[in-house]
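Take a look at the letters that make up each chain.
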Amino acid sequence: MSHDAQVYVRSQTEFEYIKQKRKKDMRNQVTTFAIMIFLTLIAFTTVAAGFSVYLIVPVILLLAAIQVVLQLYYFMHMSEKNHQVAAFFLYSACLIAFTFILTFLTIIWWG
Amino acid sequence: MDFNKKYTPQTWPDHPEQVTLEGKNKFLGFWLFLGGETVLFASLFATYLALKNKGPSGMTFSTETLFELPLVFVMTMLLLTSSLTSVYAMYHMKNHNFRGMQTWLAITVLLGLAFLGLEIYEFNHYVHLGFTYGQSAFSSSFFTLVGTHGLHVVIGLGWIILLMLRNAKRGFSLYNAPKYYTASLYWHFIDVVWVFIFTVVYLMGVVG
Numbered sequence: 001m002s003h004d005a006q007v008y009v010r011s012q013t014e015f016e017y018i019k020q021k022r023k024k025d026m027r028n029q030v031t032t033f034a035i036m037i038f039l040t041l042i043a044f045t046t047v048a049a050g051f052s053v054y055l056i057v058p059v060i061l062l063l064a065a066i067q068v069v070l071q072l073y074y075f076m077h078m079s080e081k082n083h084q085v086a087a088f089f090l091y092s093a094c095l096i097a098f099t100f101i102l103t104f105l106t107i108i109w110w111g
Numbered sequence: 001m002d003f004n005k006k007y008t009p010q011t012w013p014d015h016p017e018q019v020t021l022e023g024k025n026k027f028l029g030f031w032l033f034l035g036g037e038t039v040l041f042a043s044l045f046a047t048y049l050a051l052k053n054k055g056p057s058g059m060t061f062s063t064e065t066l067f068e069l070p071l072v073f074v075m076t077m078l079l080l081t082s083s084l085t086s087v088y089a090m091y092h093m094k095n096h097n098f099r100g101m102q103t104w105l106a107i108t109v110l111l112g113l114a115f116l117g118l119e120i121y122e123f124n125h126y127v128h129l130g131f132t133y134g135q136s137a138f139s140s141s142f143f144t145l146v147g148t149h150g151l152h153v154v155i156g157l158g159w160i161i162l163l164m165l166r167n168a169k170r171g172f173s174l175y176n177a178p179k180y181y182t183a184s185l186y187w188h189f190i191d192v193v194w195v196f197i198f199t200v201v202y203l204m205g206v207v208g
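First to last, the sequence lines map onto chains A and B. Just so we're aligned, residue 1 is where the first sequence starts under my numbering, counting upward by one. Just so we're aligned, residue 1 is where the second sequence starts under my numbering, counting upward by one.
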């Protein structure tokens, strides 16, 4: 299998530009991380504060979903180009995952 | 086949993990694998939710009495931070800074080991209380779900350590860049699963 690739030598300007861009991307990643920490803190304090179960459960599930989307789209780069097939694999898996959980829970509730 | 070709920061491609055919295949194959992992964990989550708090009559163990949030909070923070440190590692890979990447991966490994240590402590504590694997349907499903995640942490740590050691004196090439990239994807995926575990198992367990 090929490990070869065309070598492209960047000009100094291109090199400076791409370095700046990567730095900016990394700053965004740190912001994403701060948001994820914040969401986790909200989830734990909501539970510690002792609100009604019917409020807590939907709220923490929503917070978890947001955090996972951030992780997938930013930390795992799904927001970048060339990730259509990756997204297709993952969303197909999510569909099966959802079916599993629905099936198992309805068996218990109705059984 | 010249996969030991040396690059400089000037010539290093923007997406070193995806320029070669091998890299592209690894990338796609790995996402397919992550889809499979999602299905695996979904089946374990579904089993856990169905069997939660169920066991022999007179069982005193329940999610409300068993779980302690401070420990789970510390574990969550450790794993979440290790996710950021592996993002830093990939940032340095893009900049062709091998030393920087190895350093951040080493920090990731240390955070992962701390997480694993706490998980072993937690399981050990439960077993001492009498909440063993075979104690009830609840305990089996709990240990299988959280233990499978723990096994993934062990595999991820072993993988990253082996990569770091094997390539320590090689530096970057288009041959090992996809390997590092997929290992970091795997590490992020471990954190994705943990987000659902701390929410569905621990937080929802404490509220009942």
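You may find that some hints are simply not true.
In the DSS-like style, the derived pairs of lysine-lysine whose C-alpha atoms are separated by at most 30 Å in a straight line are [what the hints assert, rightly or not]:
id	chain 1	residue 1	chain 2	residue 2
1	B	Lys-169	B	Lys-5
2	A	Lys-21	B	Lys-54
3	A	Lys-23	B	Lys-179
4	A	Lys-24	A	Lys-81
5	A	Lys-24	B	Lys-179
6	A	Lys-21	B	Lys-5
7	A	Lys-81	B	Lys-26
8	B	Lys-169	A	Lys-23
9	B	Lys-169	B	Lys-52
10	A	Lys-24	B	Lys-52
11	B	Lys-24	A	Lys-23
12	B	Lys-26	A	Lys-21
13	B	Lys-26	B	Lys-179
14	B	Lys-52	A	Lys-23
15	B	Lys-5	A	Lys-23
16	B	Lys-6	A	Lys-19
17	B	Lys-52	A	Lys-21
18	B	Lys-52	A	Lys-81
19	B	Lys-24	A	Lys-81
20	B	Lys-169	B	Lys-6
21	B	Lys-54	A	Lys-23
22	B	Lys-24	B	Lys-6
23	B	Lys-26	B	Lys-52
24	A	Lys-19	B	Lys-5
25	A	Lys-81	A	Lys-23
26	B	Lys-52	A	Lys-19
27	B	Lys-24	A	Lys-19
28	A	Lys-21	B	Lys-24
29	A	Lys-19	B	Lys-54
30	B	Lys-179	A	Lys-19
31	B	Lys-24	A	Lys-24
32	B	Lys-6	A	Lys-21
33	B	Lys-26	B	Lys-5
34	B	Lys-6	A	Lys-24
35	A	Lys-23	B	Lys-6
36	A	Lys-81	B	Lys-54
37	A	Lys-21	A	Lys-81
Here are some chain B residues the structure puts well away from chain A; computed CB gaps all over 12 Å [claimed, not checked]:
id	residue
38	Pro-13
39	Ala-50
40	Leu-69
By construction, these hints were calculated from the structure, which means they are not laboratory data. We put the CB at the ideal spot given by N, CA and C, even for glycine.
Going through the hints against the structure:
For the proposed pair Lys-169(B) and Lys-5(B), the alpha carbon gap of about 14 Å is at most 30 Å, so the pair holds. For the suggested pair Lys-21(A) and Lys-54(B), the alpha carbons sit about 53 Å apart, so the restraint of at most 30 Å is broken. Restraint check for Lys-23(A) and Lys-179(B): the C-alpha separation of about 23 Å stays at or below 30 Å, so the hint holds. For the hint linking Lys-24(A) to Lys-81(A), the alpha-carbon distance of about 17 Å falls within 30 Å, and the restraint holds.
A threshold of 30 Å between alpha carbons decides the hint, and for Lys-24(A) with Lys-179(B) the separation of about 25 Å falls inside it, so the pair holds. Between Lys-21(A) and Lys-5(B) the alpha-carbon distance is near 26 Å, which keeps this suggested pair within the 30 Å criterion. A threshold of 30 Å between alpha carbons decides the hint, and for Lys-81(A) with Lys-26(B) the separation of about 17 Å falls inside it, so the pair holds. With a CA separation close to 27 Å, the supplied pair Lys-169(B) and Lys-23(A) stays within the 30 Å bound.
A threshold of 30 Å between alpha carbons decides the hint, and for Lys-169(B) with Lys-52(B) the separation of about 49 Å lies outside it, so the pair is violated. At roughly 45 Å between alpha-carbon atoms, Lys-24(A) and Lys-52(B) are farther apart than 30 Å, so this suggested pair is violated. With a C-alpha separation of about 25 Å, the suggested pairing of Lys-24(B) with Lys-23(A) holds against the 30 Å cut-off. For the hint linking Lys-26(B) to Lys-21(A), the alpha-carbon distance of about 26 Å falls within 30 Å, and the restraint holds.
Our distance criterion of 30 Å between C-alpha atoms is met by Lys-26(B) and Lys-179(B), whose separation comes to about 8 Å. A distance of roughly 46 Å separates the Cα atoms of Lys-52(B) and Lys-23(A); the hinted pair therefore is violated under the 30 Å criterion. This hinted pair checks out: Lys-5(B) and Lys-23(A) have alpha carbons roughly 26 Å apart, not beyond 30 Å. Simply put, Lys-6(B) and Lys-19(A) have alpha-carbon atoms about 20 Å apart, close enough for the 30 Å limit, and the pair holds.
For the suggested pair Lys-52(B) and Lys-21(A), the alpha carbons sit about 48 Å apart, so the restraint of at most 30 Å is broken. Taking the CA atoms of Lys-52(B) and Lys-81(A), the gap is near 41 Å; set against the 30 Å cutoff, the hint is violated. The suggested pairing of Lys-24(B) with Lys-81(A) holds, with an alpha-carbon distance near 13 Å, which does not exceed 30 Å. Pair hint Lys-169(B) plus Lys-6(B) holds up; C-alpha atoms about 13 Å apart against a cutoff of 30 Å.
Between Lys-54(B) and Lys-23(A) the CA atoms are separated by roughly 51 Å; this puts the pair beyond 30 Å, and the hint is violated. The suggested pairing of Lys-24(B) with Lys-6(B) holds, with an alpha-carbon distance near 20 Å, which does not exceed 30 Å. Distance check on the hinted pair: Lys-26(B) and Lys-52(B) sit about 38 Å apart at the alpha-carbon level, beyond 30 Å; violated. Only pairs whose Cα atoms come within 30 Å are accepted, and Lys-19(A) paired with Lys-5(B) is accepted, the gap being roughly 22 Å.
Restraint check: the Cα-Cα separation between Lys-81(A) and Lys-23(A) comes to about 19 Å, which is no more than 30 Å; the hinted pair holds. Distance restraint check for Lys-52(B) and Lys-19(A): the Cα-Cα separation of roughly 50 Å exceeds the 30 Å cut-off, and the hinted pair is therefore not satisfied. Between the alpha carbons of Lys-24(B) and Lys-19(A) the distance comes to roughly 24 Å, so the proposed pair stays at or under 30 Å and holds. Distance restraint check for Lys-21(A) and Lys-24(B): the Cα-Cα separation of roughly 23 Å lies within the 30 Å cut-off, and the hinted pair is therefore satisfied.
For the hint pairing Lys-19(A) with Lys-54(B), the CA-to-CA distance comes to about 56 Å; that exceeds 30 Å, so the pair is violated. At roughly 23 Å between alpha-carbon atoms, Lys-179(B) and Lys-19(A) fall within 30 Å of each other, so this suggested pair holds. With a CA separation close to 26 Å, the supplied pair Lys-24(B) and Lys-24(A) stays within the 30 Å bound. At roughly 24 Å between alpha-carbon atoms, Lys-6(B) and Lys-21(A) fall within 30 Å of each other, so this suggested pair holds.
Only pairs whose Cα atoms come within 30 Å are accepted, and Lys-26(B) paired with Lys-5(B) is accepted, the gap being roughly 19 Å. Simply put, Lys-6(B) and Lys-24(A) have alpha-carbon atoms about 27 Å apart, close enough for the 30 Å limit, and the pair holds. Between Lys-23(A) and Lys-6(B) the CA atoms are separated by roughly 24 Å; this keeps the pair inside 30 Å, and the hint holds. Taken as a hint, the Lys-81(A) and Lys-54(B) pair is broken in the structure, with Cα atoms around 46 Å apart against an allowance of 30 Å.
The suggested pairing of Lys-21(A) with Lys-81(A) holds, with an alpha-carbon distance near 16 Å, which does not exceed 30 Å. The non-interface label for Pro-13(B) is inconsistent with chain A: the shortest C-beta to C-beta separation is roughly 6 Å, within 12 Å. For Ala-50(B), the non-interface assignment is contradicted: its Cβ lies about 4 Å from the closest Cβ of chain A, within the 12 Å cut-off. Here Leu-69(B) does not stay apart from chain A, with its beta-carbon only about 7 Å from theirs, under the 12 Å limit.
Consistency with the previously given hints fails for numbers 2, 9, 10, 14, 17, 18, 21, 23, 26, 29, 36, 38, 39, 40, ordered from lowest to highest.
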